[in-house]
Amino acid sequence: MSGVKPGDSLSRGRRSKRHWAGVLLATCALAASLGPARTAAAETIEIEVTVAILSSEPGKVDPRGKKLLEKLSSQLRFESLKVIEQRQLVLAIDDVGEVMLPNRRVLRVKPLLVDARGALLAVEMEGTLESQLRVRSGHLVVLGPQRYQGGQLVVALEPHF
Amino acid sequence: MNEQERLELEAFHDGELHGFARLRFQRRLRGDPRLRAELEALETVSRWIAEVESAPARRAAAPDLWREIAGALPAMDAQVADEAARPPGAPVFAARSVGSARLATWFRRSGVAAAALAATAAVALAVVLRMPDDPGGSEQFASGGTVRYLDTSGRAVLVIEQPELDLTILWMIDEV
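If you read the sequences in order, they're chains V and G. Take any residue in the first sequence, count from 1 to its spot, add 80: that is its number in this note's numbering. Take any residue in the second sequence, count from 1 to its spot, add 27: that is its number in this note's numbering.
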């Protein structure tokens with residue numbers, strides 16, 4: 081093949097540069113596809129916190145507690161459910177969200193990790209328990225109870241990410 | 028594309044094909060869209076290299092990508108290792124006292140004591156709790172499901188995991 085000089089050092093140098101540039105571009109593309117997606121997924125998680133009182137006394141079921149009622153009714157026996165507070169915590173990894181409970185104790189939630197298997201949450205219900213929970217998005221965790229005003233104070237956490 | 032074709036393409040791009048060889052290659056290019064695409068890719072990479080090499084200030088400020096990528100990897104590995112290796116009782120929140128003097132978790136209780144506690148709890152619970160129909164769905168000892176760590180300062184707790192309901196309940200028995 082006329083005109084091609086495989087032994088030409090200039091050609092080799094140029095081709096070598098192009099080869100490694102191609103490798104670098106491919107690596108960057110791969111890192112870009114992994115990094116931002118992972119970062120975006122792990123940026124914040126929303127946790128719906130519901131503070132409610134369950135009671136064996138007859139009474140109404142708070143409409144805001146309908147989802148909680150549906151899930152708990154097969155596990156716990158109670159006659160009434162009253163939602164004291166419902167709020168959304170939007171937390172980044174290692175952020176601590178706090179909710180003051182009506183009995184003046186504090187609920188703390190801290191996302192430790194979010195990955196393909198779900199979120200690892202550290203949870204503290206002051207005076208009751210401290211736990212680390214591996215949950216998928218939408219998984220409901222109910223903590224309690226604490227005795228309060230003749231009923232059982234419970235906290236429901238539902239993360240979304 | 029085989030090695031010979033690759034060499035020829037690069038030689039053409041670099042202006043190292045002359046005379047009839049060049050004419051032959053140009054004819055092949057006209058009839059082969061794949062070859063034209065390869066040439067275009069080669070031109071893009073060469074343009075990129077030329078831009079980098081022609082900008083001394085930009086070259087000085089160019090990020091060390093390998094270092095950035097390598098720098099991020101230990102943090103990711105550390106997060107995974109942290110979850111696996113976090114020792115029970117390791118502080119997660121700011122300083123506060125939640126039975127910190129008694130960090131024994133129910134995982135650490137002796138098997139006999141825990142079993143006795145569970146049996147007692149089961150009797151008491153029958154009065155106030157309805158046990159799920161599926162015996163496998165109510166676990167008095169977490170076996171690595173949702174609950175990875177639990178500290179109740181030595182108090183009895185019932186863990187109910189219902190994956191089909193997307194539900195986990197941590198229920199303090201002596202508060203009932």
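No lab work stands behind these hints: they were computed from the structure. Here the structure is a predicted model, which is why all the values come from computation and not from measurement. Hints may be right or wrong, so weigh each one.
[Claimed, not checked] Partner residues are not named here, just some residues of chain G that face chain V (Cβ under 7 Å, in silico):
(1) Phe52
(2) Leu66
(3) Ile76
(4) Thr173
(5) Val174
(6) Leu177
(7) Leu185
(8) Val186
(9) Leu192
(10) Leu194
(11) Ile196
(12) Ile200
(13) Asp201
Think of the CB as a built atom: it goes at the ideal place given N, C-alpha and C, for glycine as much as any other residue.
So, going through the hints one by one against the coordinates:
{"no.": "1", "hint": "Phe52", "in the structure": "violated (9 Å)"}
{"no.": "2", "hint": "Leu66", "in the structure": "violated (12 Å)"}
{"no.": "3", "hint": "Ile76", "in the structure": "holds (6 Å)"}
{"no.": "4", "hint": "Thr173", "in the structure": "holds (5 Å)"}
{"no.": "5", "hint": "Val174", "in the structure": "holds (6 Å)"}
{"no.": "6", "hint": "Leu177", "in the structure": "holds (5 Å)"}
{"no.": "7", "hint": "Leu185", "in the structure": "violated (10 Å)"}
{"no.": "8", "hint": "Val186", "in the structure": "violated (9 Å)"}
{"no.": "9", "hint": "Leu192", "in the structure": "holds (6 Å)"}
{"no.": "10", "hint": "Leu194", "in the structure": "holds (5 Å)"}
{"no.": "11", "hint": "Ile196", "in the structure": "holds (5 Å)"}
{"no.": "12", "hint": "Ile200", "in the structure": "violated (10 Å)"}
{"no.": "13", "hint": "Asp201", "in the structure": "violated (10 Å)"}
Of the numbered hints stated above, those contradicted by the structure are hints 1, 2, 7, 8, 12, 13, listed in ascending order.
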